[in-house]
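Novice: As a plain string of letters, each chain reads:
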Amino acid sequence: MLTWALGKAAPCCCGVASLIMLTRQSDIAAIVGLFLRVGAAVGVFLLLGALILAEAGCVKQWAPLDAVTDRVLASCSPRCAVGTAQHRCLTELRANVSANVDQVPTICSPWNTSISGFTPSNEAPKQEIVKP
Amino acid sequence: MTESVKSAAVAGFELLTAGLEMITANLRLRQAKAEADRAALLQKLNTALGPSKD
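As they're listed, the protein sequences go chains A and B.
Here my numbering is used: the first residue of the first sequence is 1, the next is one more, and so on.
Here my numbering is used: the first residue of the second sequence is 1, the next is one more, and so on.
Careful: at least some of the hints might be erroneous.
[To be verified] A few chain A residues facing chain B, derived, Cβ under 10 Å:
#1 D27
#2 V44
#3 L47
#4 K60
#5 R71
#6 L73
#7 V97
#8 N100
[What the hints assert, rightly or not] In silico lysine to aspartate or glutamate, EDC-like type, Cα no more than 16 Å apart, as pairs:
#9 K6(B) to D66(A)
#10 K44(B) to D27(A)
#11 K60(A) to D37(B)
#12 K60(A) to D102(A)
#13 K33(B) to D102(A)
#14 K33(B) to D66(A)
#15 K33(B) to D70(A)
#16 K60(A) to E35(B)
#17 K44(B) to E55(A)
What the hints contain is simulated information worked out from the structure, not anything from laboratory work.
Note that the Cβ used here is the ideal one computed from N, Cα and C, for glycine as well.
Isolated chain A (complex conformation) (with noise of 0.2 Å):
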């Protein structure tokens, strides 16, 4: 009788067990490729914030420098004499926009006022609109 039924339960457990084994793989399976596609799109979203970081880093900027120049030759016009403060501060600029630095030079700081320093005072009047 118990020969008979170890007979018959064995088939039944082997079965239960590959189930539960067919099972696990499968959860294992599923579950690596989850964590596969989890990294890929993470990566692919490193990477374009990786370009978008590099764009605006990479870029080098010579408007202040364009600004600081503008301001250097109206405040000595028609000419900037040798010896001044201008001209010193005019061929540090070129040496830097020649070597490739978008750097103010330091002799230059007189002439190098950010936007912080704007004040309403120093804004032009507002024009009115006048309605026919």
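Based on these hints, arrange chain B on the given structure of chain A.
Specialist: Same frame as chain A, now just chain B:
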């Protein structure tokens, strides 16, 4: 994998490569603009100071 899933994956990959190409093209454009600004500034400084000695 069915054909529709395959075509969706190919379309997504093409969209991704097109986006990357757009970003790199925009970067090249901005670098070219910066180089033009630099050349104009150098020209302005040379006009104000005279040609450099070196």
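Novice: Indicate, hint by hint, whether the structure satisfies it.
Specialist: Checked hints:
no., hint, verdict
1, D27, "violated (20 Å)"
2, V44, "holds (7 Å)"
3, L47, "holds (8 Å)"
4, K60, "holds (5 Å)"
5, R71, "violated (12 Å)"
6, L73, "holds (6 Å)"
7, V97, "holds (5 Å)"
8, N100, "holds (7 Å)"
9, K6(B) to D66(A), "violated (53 Å)"
10, K44(B) to D27(A), "violated (69 Å)"
11, K60(A) to D37(B), "holds (10 Å)"
12, K60(A) to D102(A), "holds (6 Å)"
13, K33(B) to D102(A), "holds (14 Å)"
14, K33(B) to D66(A), "holds (14 Å)"
15, K33(B) to D70(A), "violated (19 Å)"
16, K60(A) to E35(B), "holds (8 Å)"
17, K44(B) to E55(A), "violated (27 Å)"
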